[in-house]
Amino acid sequence: MDLFMLSELIGFAKSDILEIEGRLFIDHDNLGLEAFRNKIAEHSSVAEAQYWMNILLLESYIDNIVGDDWEFTDERAKSILKSLQSAWTFQINAKYPNAIFRIDTFIDEEANDFGLWLRQD
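Residue numbers (our numbering): 721 to 841.
Some hints could be false.
Claimed, not checked - Below, simulated DSS-like cross-link-like pairs (lysine-lysine); rule was C-alpha separation at most 25 Å, straight line:
1. Lys734 with Lys759
2. Lys734 with Lys798
3. Lys734 with Lys802
4. Lys815 with Lys802
5. Lys815 with Lys759
6. Lys815 with Lys734
Because the hints were derived from the structure by calculation, they are not lab data.
Let the hints inform the model, and build the full structure from the sequences given.
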């Protein structure tokens, strides 16, 4: 197991959650509020930015932890996602107790993408 990748994965669990114009964002790259606002400005709306910027792809980290023989239905992979999902849910509920959100599993089998997606309707 690559310790750098493990450290990065653990870092994702403690990523800051930012609220911008009523929308929640996961700052998994540790950009900070001002840089995040600049990235949002590249999109046509804050809602569109949230849609794309809150997808965190994790397949390479899962490959590194469980090996490359896993599938999207693998309980080991789901367990890793569930741990991150719990950490983000705890942080959001603590910082933004009135926020309505969900954290979904993101799967695109054609592109072989697997991860989490923070969403607000």
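A quick look at each hint next to the structure:
Distance restraint check for lysine 734 and lysine 759: the Cα-Cα separation of roughly 21 Å lies within the 25 Å cut-off, and the hinted pair is therefore satisfied. For the suggested pair lysine 734 and lysine 798, the alpha carbons sit about 19 Å apart, so the restraint of at most 25 Å is met. Between lysine 734 and lysine 802 the CA atoms are separated by roughly 14 Å; this keeps the pair inside 25 Å, and the hint holds. With a CA separation close to 20 Å, the supplied pair lysine 815 and lysine 802 stays within the 25 Å bound.
For the proposed pair lysine 815 and lysine 759, the alpha carbon gap of about 22 Å is at most 25 Å, so the pair holds. At most 25 Å may separate the alpha-carbon atoms for a hinted pair to count; lysine 815 and lysine 734 meet this at roughly 13 Å.
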